[in-house]
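Trainee: As a plain string of letters, each chain reads:
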Amino acid sequence: MRTSLFITCYNDTLYPETGRAVVRLLESLGVELDFRPRQTCCGQMHANTGFRAEAFSQAKRFVRLYQDAESVVIPSSSCVAMMRDQYPHLFEELGNDPLRQEFATLLPRVYELSEFLIDRLGVEDVGAYFPHRVTYHASCHGLRALHLGDRPFRLMAKVRGLEQVPLPNLDRCCGFGGTFSVKNGEVSSAMLAVKLQDVVSTGAEYCTALDNSCLMHLGGAMHRQYAGMKTIHLAQILASTQESPAEATL
Amino acid sequence: MSVASANHPVLDPVLAPSFPQGALPVLRNPQLRKNVAHAIDVIQTKRGKLVAEKSDWQELRSAASGIRAHALENLGAYLEQFETRCAAAGGHVHWAADAAEARRIILDLLRRENASQVIKIKTMTSAEIQLNPYLEAAGVQVFETDLAEIILQLGDQEPSHIVVPALHINRSQVREIFARRMGLKDLSDDPQALTAAARNYLRGKFLGVPTAIGGANFLIAETGGVAIVESEGNGRMCLTLPRTMITLAGIEKVLPRFRDLEIMLQILARSATGERMNPYTSLWNGVTPGDGPQNFHVVLLDNGRSSILAKPRERQTLKCIRCAACMNTCPVYRQTGGHAYGSVYPGPIGAILTPQLMQLHHAQSLPFASSLCGACYEVCPVKINIPEVLIDLRAQVTDRERHDLARFLDPMYLGLRIANLLFAKAWLFHAAQFFGRIGLGLFTRKDGWIHSLPSVGAKWTQTRDLRGLPSQTFHAWWAARAPQSSPLASKEGK
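Line order of the protein sequences matches chains W and U.
Going by our numbering, the first residue of the first sequence is number 1, and it counts up by one from there.
Going by our numbering, the first residue of the second sequence is number 1001, and it counts up by one from there.
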C-alpha cells in the first residue's frame, strides 16, 4: 500500500522526530510512503484566527497538491479536523465547483494517523516496545471532531511494556487553542495549570497525544515547572522498539 | 473575602473591558474561581447522569433543534399568530425595536398603573436592556424575587451565569449579604436558615406589590400562551398574585405548537439544572377573570435579533433556550466565570450572542474568548454549532479591521499576514524556517529551550517554555534520506 504523508507545518518545523517516527512506523508495516516537498500548511491557524481568505488559499493549495494521492496520512488531529469541519465551508463560500468536487473526492482518503492504522491498515499491534508509564491526552479535535474514540487506547494496549494510566477529566481542553494561547495568554495559562495538575496526578513518565500542538503546550509547562514528566507523540511510542527505542520529544 | 470588596464588574458590552482584561481580576481571585468551579462541577455531574439515562437523548436533541430552526425560519408568521392569539385571550402585545423602546413601553405601562414598586422574576432580557437602573431612575422601586437575583440585588453584585446568576457567591457570602441588608446579625449560613430569611423578606413583597415584570422561557404561537420554568416557586407567586403582569421576551422565544413543549421541557431541565423536570412550570394564556393578573402585557423585544436572523450561518444563535449547558461545560468559563464576558450573556453562547447583538461594534474580543474545544456544541440541546459561529465571527472581526492601518502595528496580525505569503510557496516557507531558526536561536539557552521571548512571544513564555527549533526540519531529513524524490526537497537539505 502507498500513502502520502502530510507532515503539517509545525511538525515539519518544531517536531521532525514525530515525522521520522511516522516514516519508520509505516514503513515497518509495509507501507510505501510518498512525501510531497511542496506541502506547507493546512490553513488551520489562519482560519481559527479569522483570516478566512488566507485559510482558503492554503486549503486550496492542499487539495490541489494531493488530489491524485491514493490516501493522505496526517499525524495531527487538529489539522485533519480543519479539513473535515472547515474546508467545506471555505470552499462553499470562496471556492468553485471543480474545487469542491476535487475536495469531495479527496476528503474520504484523508486519515489521521490512528485512523490510518486501524481503519485503513487494520492493525492494532504494530510491534512496538515502550516500557514506561504513559497517560493519553485526548486532544479536543481528536475527541470531538474526529471521534477517534478508543483507537489510541487500542494501539497503546498492544505496545509491549507500556503501562496505561487513565487521565482524569480526559475530555477537558488543555487551553492551547492556537493563537488563543497568546491572545488570551492568562486564561490559557489558567486552563493549562488545571490540566497539568490532572496530568501530573497520574504519576506517568510520559504524556502522549495525537497532536503535537497540545503537547507543545503541556510540555512547555512541564519543562518550566520541572514537573518530572515528558511529552511524546503517540507515533514515536508506536515506532519504538527494543532495538531502537523512541527519540523522546523533550 | 468580603463580598463588598470584590471588584465590581461591568456587564455593559459598550463599556466593558476586553475579555482578556476582564478575566484578569477573576484569575487572581481564588475564592471566585473555587466557587465557580465547584458550582458548575455539581451541575455538570447531575446533568451527565440524567442525560445518560435517556437512551434517545440524541433524537431529543435533533427534535429540539428542528423545532427551534423551524420556528426561526418562519418567525414572522409565528409572532403574528402569537400576537393574535394572545390578544384574543385578553393580553396586549407590544413590539420594541430596541432596548430604549422596550424600557419606555414598560415604564409607560407602570405609570398607567401608578406603580411606584414592581416585583420581578426570571428575565435575563430585562438585564440585557438594563431595565432596573432605568426604572429606579424614574422613581420605580424594583424588587427581584428569584433567590439568586435577591442575593445579587442586596449584595450589589452582577449576575455571572444565566441559570444560576449568583453561582460565584458561596453560602457564607450569602449569609453576610442577608445579615447586613436584612438586619439579621445572628443569621447562620445553614441553607434552610438562609432560604427562610429570603422567604420572610419576599412574602411582604408578594402580598404588597401589585405589579410584576417577568420573562418567558417560551412563547407559544398556537395558543398565545407564555411558559416559565423555575425551581423556587417565587416565579409562580409573581405570576399569580399581582394585578398586572408584564412579560418581556426576545422575539426568538416563540414555539409553534403547545405540544412542542413536550420536547423542550425534557431537554431544558436536564440540560440546565440536571433535573428530570423542573419543580415549577407555569403556563398561562391571557387573562382569566377572577383568577390571577387582570392586566397582561407582552413586550416583544428585537434589539438586534432580526439582524442575526438574516444571516444563515449565524441564525442558529437564536435557537438558544438559555439552558447554560455550554457555560457549565466550558473550560474557559470554568476559569473565568461570567463577569469576564462583560455582558449579561456569558460563556460560549454569550461569546457569540453578545457581539452579534452589538452588531460587532462592541465585544469584538468575545469571539476569540474560546479555545474552540467544541465541548459547548457537544452538550447544546438544540445543537447550536458554537465553534462554527465563533470562527465566522472571528472572520468578520478580522475582515472589518483589515484596512485599519493600526492593525499593522499588531505583531500577531502582521505575523499572520506574512505567514500567509510564506505558506504559498514551499521555498519561502523553508527560507522562513531557516531564518526563524537563526532568530529563535538568539533566545535559545544551552539546554535547547527558550525561556523568554519578546513581544507577542512573551504571552507564551509568561508560563511556558518553548523548545528551540531542531537543527533539521522533517522535509530536510526526508530529502537527505531520499535525495532522488524531488529537486525542491534538496534545496535546504543537509
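Some clues are possibly wrong.
[To be verified] Below, in silico cross-link-like pairs of lysine-lysine (DSBU-like), each with a Cα-Cα straight-line distance of 30 Å or less:
id, chain 1, residue 1, chain 2, residue 2
1, W, 183, U, 1383
2, W, 183, U, 1034
3, U, 1319, U, 1054
4, U, 1185, U, 1034
5, U, 1046, U, 1034
6, W, 183, U, 1046
7, U, 1311, W, 60
8, U, 1054, U, 1311
9, W, 230, U, 1383
10, U, 1185, W, 183
In short, the hints are calculated from the structure, not lab data.
Trainee: Under the criterion that the straight-line Cα-Cα distance not exceed 30 Å, is the pair residue 1319 (chain U), residue 1054 (chain U) satisfied?
Mentor: Within the cut-off at roughly 22 Å; holds.
Trainee: Does the alpha-carbon distance linking residue 1311 (chain U) and residue 60 (chain W) stay inside the 30 Å limit?
Mentor: Answer holds: residue 1311 (chain U) to residue 60 (chain W) is near 25 Å, not above 30 Å.
Trainee: Does residue 1034 (chain U) sit within 30 Å of residue 183 (chain W), going by the straight-line distance between their CA atoms?
Mentor: holds (24 Å)
Trainee: Is residue 1185 (chain U) within 30 Å of residue 1034 (chain U), Cα to Cα?
Mentor: holds (26 Å)
Trainee: Regarding the pair residue 183 (chain W) and residue 1046 (chain U), is the alpha-carbon distance no greater than 30 Å?
Mentor: Cα-Cα ~33 Å, so violated.
Trainee: Does the alpha-carbon distance linking residue 1046 (chain U) and residue 1034 (chain U) stay inside the 30 Å limit?
Mentor: With Cα atoms ~19 Å apart, residue 1046 (chain U) and residue 1034 (chain U) stay inside 30 Å; holds.
Trainee: Tell me if the straight-line CA distance from residue 183 (chain W) to residue 1383 (chain U) falls inside 30 Å.
Mentor: holds (27 Å)
Trainee: Does the alpha-carbon distance linking residue 1054 (chain U) and residue 1311 (chain U) stay inside the 30 Å limit?
Mentor: violated (34 Å)
Trainee: With the threshold set at 30 Å, check whether the alpha-carbon distance from residue 230 (chain W) to residue 1383 (chain U) stays at or below it.
Mentor: With a Cα-Cα distance of about 38 Å, the restraint between residue 230 (chain W) and residue 1383 (chain U) is violated, given a limit of 30 Å.
Trainee: Take a quick look at whether residue 1185 (chain U) and residue 183 (chain W) sit within 30 Å of each other, Cα to Cα.
Mentor: With Cα atoms ~46 Å apart, residue 1185 (chain U) and residue 183 (chain W) exceed 30 Å; violated.
In summary, the numbered hints that this structure violates are 6, 8, 9 and 10.
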